[in-house]
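Chemist: Residue numbers (our numbering), protein chains in the order written: chain G, 812 to 1025; chain L, 812 to 1025; chain D, 812 to 1025; chain W, 812 to 1025.
Calculated directly from the structure, the hints in this document are not laboratory data. Among these hints, one or two may not hold up.
If chains are identical, the list can't say which one is meant, so a pair holds when it fits in one copy or spans any two.
Said to hold, decoys possible - Below, simulated DSS-like cross-link-like pairs (lysine-lysine); rule was C-alpha separation at most 27 angstroms, straight line:
| hint | residue 1 | residue 2 |
| --- | --- | --- |
| 1 | K1004 | K1022 |
| 2 | K1004 | K983 |
| 3 | K1022 | K813 |
| 4 | K1004 | K861 |
| 5 | K914 | K995 |
| 6 | K914 | K1016 |
| 7 | K857 | K930 |
| 8 | K955 | K1022 |
| 9 | K930 | K911 |
| 10 | K826 | K930 |
| 11 | K857 | K889 |
| 12 | K912 | K850 |
| 13 | K983 | K912 |
| 14 | K813 | K826 |
| 15 | K995 | K826 |
None of these values were measured; they are calculated from a predicted model.
Residues per chain are reported as follows:
4 protein chains.
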Amino acid sequence: MKNAIVTGYSSGIGKAICDELIEDNYNIIYLSSRLEDTKTLEFEVKDLLKNNDIDLLINCAGVGVFQPHEEISISKIKELIDINLTAPIILVNLLLRSLKKTKGHIINISSVEATKHSKFSALYTATKSGLRDFSLTLFEELRKSGVGVTTINPDLTVTNFFDDLQFEPSTKEETYLLPETIAKTVVTVLYTKGVITDLTVRPQKFEIQKKKGF
Amino acid sequence: MKNAIVTGYSSGIGKAICDELIEDNYNIIYLSSRLEDTKTLEFEVKDLLKNNDIDLLINCAGVGVFQPHEEISISKIKELIDINLTAPIILVNLLLRSLKKTKGHIINISSVEATKHSKFSALYTATKSGLRDFSLTLFEELRKSGVGVTTINPDLTVTNFFDDLQFEPSTKEETYLLPETIAKTVVTVLYTKGVITDLTVRPQKFEIQKKKGF
Amino acid sequence: MKNAIVTGYSSGIGKAICDELIEDNYNIIYLSSRLEDTKTLEFEVKDLLKNNDIDLLINCAGVGVFQPHEEISISKIKELIDINLTAPIILVNLLLRSLKKTKGHIINISSVEATKHSKFSALYTATKSGLRDFSLTLFEELRKSGVGVTTINPDLTVTNFFDDLQFEPSTKEETYLLPETIAKTVVTVLYTKGVITDLTVRPQKFEIQKKKGF
Amino acid sequence: MKNAIVTGYSSGIGKAICDELIEDNYNIIYLSSRLEDTKTLEFEVKDLLKNNDIDLLINCAGVGVFQPHEEISISKIKELIDINLTAPIILVNLLLRSLKKTKGHIINISSVEATKHSKFSALYTATKSGLRDFSLTLFEELRKSGVGVTTINPDLTVTNFFDDLQFEPSTKEETYLLPETIAKTVVTVLYTKGVITDLTVRPQKFEIQKKKGF
């Protein structure tokens, strides 16, 4: 049975991915550390590596903020960078020796915002573009070792990602993705003979709506 | 039954895609015009549109050349641009009204060379990068109309693409892709609820070999 | 005295570049062939190379079209590809041996549209993105030979480029660039100790206006 | 007299930039806080804003590491992200209201590594690519406000950046850039009528050397 670590497993895309992986007979290892707390995270990961090897790491946890840049608090800036960029980079760092042993796979869930320059997305884009180019660069390093690296860049997906944002996907058909769709691209990645290094998926149509009360 | 046009259908990736589409119950319409001969191509396409609508266009035909740029003949320069870039753009142009009617899908097979800058690939990269950004830009235009647009960027795939080149993929495992793998990403694209706009697929390992006699 | 070839020299950015180069003591060689007529172009260039070496090639001629893709005529598609992409690639091909002798410089004027995906720009973006990645890839090939390669990507510049388009830059301050500004970046490129490989320049503000009568 | 903040002012590219700015009559404000210490940094910046407005922010401080990713320490990972990415983003955040008042300019010194995927550069590329796309995205947000945003992506420049690395630029001519060259591109940026949003500068030739003792 293969071992997978999936961050952000409790809801949204991460949860949908876990559901697919379980169906595919993966053993999911649920980390309990907060991703910003790198000390605890390091301790937890090193501990579990004593008795386990990891075949699959999926960095899926992510936070968004879309506001005029001067209005974002410094703690929010740090939170986004910590969760969206630093934690995935550290997890890869901690797990890489094990992933080399298993000739495993790393999948980083970035965002369509890593592929364009949208107003009020500067900070978010920085973290997601950093994560995407981290992955693409890492693959060059890991080709020989047999570890695959994939970035998936989803556009608007219906999850609790929007809970604290001022907008959300429209409810009209074809204007949003479902978490299951992203989970299925993960399965495709895992079953492809070769490495899908980069995959962007978007709804056919574009329509967002401002939320009431904001 | 859905109608598909696939260029480059006679061998390699194009042929593998046709095999998959036929299995999926597509009716393949095989164009007989040479892609460089845009007059005949236009005539043929306009003629078939009189009695058919098109659900799927896959621009797969492609030619490569990897040499010091000053050593490439002008006729070769024109051939690459004509086949790799101009023909796909013209086919989209001719078929777009029909594709809008069917809410169809356009898939352009670009190349990993559209995503990096490799020595001796300047001309080829120009055509493939042009094709990739054509697709990504076109999708912005076609979102409302319900037409999907996808670019697939394959790395070294074992086909007759290498027949006239001085190198070819190594025969070692994991150093090349099979046409069937690219064909399967096409199937994934068609069955995804949402639009995979961009997908890059590469062999895990990198190794090419110089051909004897060159 | 150094010899420069500048396409599109008769107006707009090309003319402004020539003015700067003349001031900097360059001898401008004015090609008389139409850029689409590659046979004549080849003949003219080969003829002048009998008695001259070239120190600087600036591909500046360009044509735009921004319409729904299905409304563009096939002859317009070919014109854009021929002038924006094929001609620069052929000119580099013809002049490269001479440029290697002089350790010269190639400057390709691409467009900001090569850096993003704007609605109704698919064809234009294809040509300009192709040109930009041609340049960036070519530089990798030419580093050893001592030939510099630069892409300049200007945003809206007040020239006759807009004569046949349905929109034009606003007349408000800071919403457009002047051809002289682009010409000055060329001078900067030539006087930099090292190679500016890629430079994007944009107006501070964004505002375009629809033209009456369209 | 205009006020400029330049991080990394004590040596290398930052020092060369300060020298140019002083010649151009800028008043340089030297921050004394360590960039990782965001609490102190915030306090210092807020304090100086009480009596000063800022016309120019240049984020130039940067740290590099080029090793197999699993061999990098977690503290080094954090240091790179803190200095190369988080600090610039926080400084922009703190200074943006002032920069809007002065219609000032932000220049972020990224790296050529933000434009490609080099082996053993995954972490560094993540920070520099994040910074570059932060800048390009921020410009979209700030166009109306009159604040310019520029990314400069230098390749190998002779500075103490290499002190702790296992390689350094070759000493052969044309294989490295001088800090003065980057400083001059900054001056070009400041004197351009329009906004140079992105500029990559590289040595003509490529040659690095391994350092003894590593």
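Chemist: Next, verify each hint and record whether it holds.
Modeler: Against the structure, the hints come out as follows:
{"no.": "1", "hint": "K1004 <-> K1022", "in the structure": "between (43 angstroms within a copy, 25 angstroms between copies)"}
{"no.": "2", "hint": "K1004 <-> K983", "in the structure": "between (36 angstroms within a copy, 14 angstroms between copies)"}
{"no.": "3", "hint": "K1022 <-> K813", "in the structure": "neither (42 angstroms within a copy, 40 angstroms between copies)"}
{"no.": "4", "hint": "K1004 <-> K861", "in the structure": "neither (30 angstroms within a copy, 41 angstroms between copies)"}
{"no.": "5", "hint": "K914 <-> K995", "in the structure": "both (22 angstroms within a copy, 23 angstroms between copies)"}
{"no.": "6", "hint": "K914 <-> K1016", "in the structure": "between (38 angstroms within a copy, 12 angstroms between copies)"}
{"no.": "7", "hint": "K857 <-> K930", "in the structure": "between (40 angstroms within a copy, 26 angstroms between copies)"}
{"no.": "8", "hint": "K955 <-> K1022", "in the structure": "between (48 angstroms within a copy, 23 angstroms between copies)"}
{"no.": "9", "hint": "K930 <-> K911", "in the structure": "between (39 angstroms within a copy, 16 angstroms between copies)"}
{"no.": "10", "hint": "K826 <-> K930", "in the structure": "neither (29 angstroms within a copy, 33 angstroms between copies)"}
{"no.": "11", "hint": "K857 <-> K889", "in the structure": "both (24 angstroms within a copy, 18 angstroms between copies)"}
{"no.": "12", "hint": "K912 <-> K850", "in the structure": "within (24 angstroms within a copy, 41 angstroms between copies)"}
{"no.": "13", "hint": "K983 <-> K912", "in the structure": "between (46 angstroms within a copy, 20 angstroms between copies)"}
{"no.": "14", "hint": "K813 <-> K826", "in the structure": "within (18 angstroms within a copy, 35 angstroms between copies)"}
{"no.": "15", "hint": "K995 <-> K826", "in the structure": "both (12 angstroms within a copy, 26 angstroms between copies)"}
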